[in-house]
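A.B. asks: So the chains spell out like this:
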Amino acid sequence: MTTATALIAVRDVTKTYAMEGAPVHALRGVTLDIHAGEFVAVVGPSGSGKSTFMHILGCLDRPTAGRYLLDGRDVSALSDDELSAIRNRRIGFVFQGFNLLARTSALENVELPLLYAHDHRVSPAARRQRAMKALTAVGLENRAEHHPNQLSGGQQQRVAIARALLNDPAILLADEPTGNLDSRTSIEVMDIFQRLKEERGITIILITHEPQVAEYGSRIIRFKDGRVVADQPNASRRAAAEELAAVALGSAEET
Amino acid sequence: MNMFNRSTLAIAIRALRRNRLQTSLTIVGMTIGVAAVLAMIAIGTGAEAAIEDQIRAAGMNLIVVTAGNYKVKATDDFGGGAVEPSAALRSTDPPYLNRGDRDDRRERHFIFSAISAGSAVRRLTSFLSPTLHAHPEDDPMEKHDHPTARQRLGDSEAGLGSAATLTSTDAEAIRGVRGVQYVAEGLHQNVHVKAGDRRWFTRLHGTDMRLPLIRRAWTFRSGRFFSAGEQLKAEQVMVLGSVVAQRVFGDENPVGRDVAIWNQSFRVVGVVTTTSWMVAPAPGDDQFDAVYIPFSTVHRLLNLAKLNDITITAASTGEVSRIMGDVTKLLRVRHQIGDDKPDDFTVTTQARQALAKGGMRPDVARAVVGNVAGLEKVTLEQLGKTLDRATRTMTALLAGIAAVSLLVGGIGIMNIMLLSVTERTREIGIRRAVGARARDVRAQFVAEAVALSVTGGVAGVLAGLVAAEGLSRYLHWSTTISPSAVFLAVGVAAAVGIFFGWYPAKQAAGLDPIQSLRYE
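First to last, the protein sequences are chains A and B.
Mind the numbering: the first sequence is residues 50 to 304 in this note's numbering, read in order.
Mind the numbering: the second sequence is residues -3 to 516 in this note's numbering, read in order.
Derived from the structure by calculation, the hints contain no laboratory data.
None of these values were measured; they are calculated from a predicted model.
Be aware that a few hints might be false.
Pulled a few chain B residues facing chain A out of the computed Cβ check, cut under 7 Å [claimed, not checked]:
| hint | residue |
| --- | --- |
| 1 | 5 |
| 2 | 192 |
| 3 | 423 |
| 4 | 426 |
| 5 | 429 |
| 6 | 506 |
| 7 | 509 |
| 8 | 510 |
Even for Gly, the Cβ is constructed at its ideal location relative to N, Cα and C.
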């Protein structure tokens, strides 16, 4: 692996929180590269620093020390506005709790990133059109006017994915995306991720504490106590599409 | 600076729509504030206007120049209520007359007038005393060398029976005096109005086309007043008072019909009546049991050049005294009256009669009329100004009280916005995660506050207009809403929104994205 071609290059990043006097070391020196088109699963127990790592990768937070190069550009010292622009253009987030705006239609939720795309303004009509396209891509075109509380968990997560992908980001950051979903819908979400990687070459970084969910990734990074303890390609990679086909077949046989 | 671009406003409005109840309650608070301010200003300025109106309606801006000077005959009536106007004017020092210019004869006359006050016997004496025949019309041997006096012979053939000292060129000259609003020539006679077999004995006013601008509360039941062209050509057109119209034509519309006076035919162009509910037109009154024709027509038909009187309005009530002085000076020059000679005309205001008639509490009126002579020149104006000042203070007070409700409305907005920042912490986190800058969040919250306050402001303006209209319609309060008051109210509402929205918006913008995403 060479740094020059890496989409994400993290060098000796530390993060320390000052919590009531005693400093908390969330990250104690992390160094790794992630290349474009990788599907990386980050695993580790709670408190291992994986969430902090994700926040730094997602430009929601800055490292205390060390360097974080995104596209070869050091983003650790960028201003808040510049970080916002990067979040808007380069990164899509998917969260455990979906984080959709309540009492807002699916379509309007998906539109959200375009409202903050300050460098290229989009007309309301074009905005709706793009949002509709993104919703169609996740199979929810007929749920566009539904509010989050009228949608199932899986559907909400798909709305969130459509929103994350609206600005064609290079990176999709998923923080426990299956945490609130049953196993069947979890597989559906993983299928979407795997297809995004294969078909659109989007780099996916999946944070999870469930080893079996991490198995969908092509590379697994283990965190413990703020350090990377393991980082290897996933030999036993699960394929969500096949599993879904098997489930469909199984239910077909049952009937 | 794209702080308030369209999408910011769109985001803000969407966000507000999600909390309809809170949003509408906040707007109601703002609405009440703005409506209260507007209604209070409306009441205050309405009261000012009403007082100004009453002062005007009472004739406080009205000046009448009458031909002739009758001061000698009426110097005693201060106890009596109904006062000959000229008496009050003449018996004090008019500010427009230079004391030093007066000669001894005049001084003696004044002293005598004062001594004779109230005594019928002495009044009789003064009347008979040849030395006190101060009025030029009373002395056939008196020589007048000004042009209008020379026309006296011609006038006397018309038998109008008043002094022939005023002409329409005098009126034209008065139109040039600073502060004069309208001037109307006046010729008055009693006439028989005939239409078919109906006859009515009434009052004829030869006047100027501007009279409707001077008379308050006049309205044309049908038709119009005679025009400038008709006046210029001295056409035989006539406007009927509503009483005459009723007596001569019954319920028919007289406009376009012909009536005759002096065996001359006049075409009726209008019927005038009053909008005032205080003075109903009645037979025998001077305004509506009357007919109006151009003074030029009277001049042409009766071969006259003189006027009985000239009615003047001052643009501002405060200038009445000054204008009276200017008019007096002007006419003295025009009539070539020497410094030692008395005026051959009389300048009066109608203030005194108005006081005696009403519009003021009787005890006040009595106090004013009964005590000091010439008071109407000074004190009534001051009274008017005092009332003006008082109402302005009242307006300020009312607006101040209402402003408190606006402040409360503003605090309501701030409260709801602060609550909303806490409530929507997660929303803020989401927006930040998808790329909203801190200032986008701040702009959104300020925009929300402004949207709330301006919506409330506009609704408040409507409510205020309705309230003001209701007050004037059902409680007969006089209210006035000026466009500037409306703009002020909406502007203040927007300012309140920005002011009280800024702090919550700053709080919202300062939230840490990660913390707010985790917020439950």
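A.B. asks: Does each hint hold? Answer for all of them.
C.D. replies: Taking the hints in turn, this is what the structure says about them:
| no. | hint | in the structure |
| --- | --- | --- |
| 1 | 5 | violated (11 Å) |
| 2 | 192 | violated (76 Å) |
| 3 | 423 | holds (6 Å) |
| 4 | 426 | holds (5 Å) |
| 5 | 429 | holds (5 Å) |
| 6 | 506 | violated (11 Å) |
| 7 | 509 | holds (5 Å) |
| 8 | 510 | holds (5 Å) |
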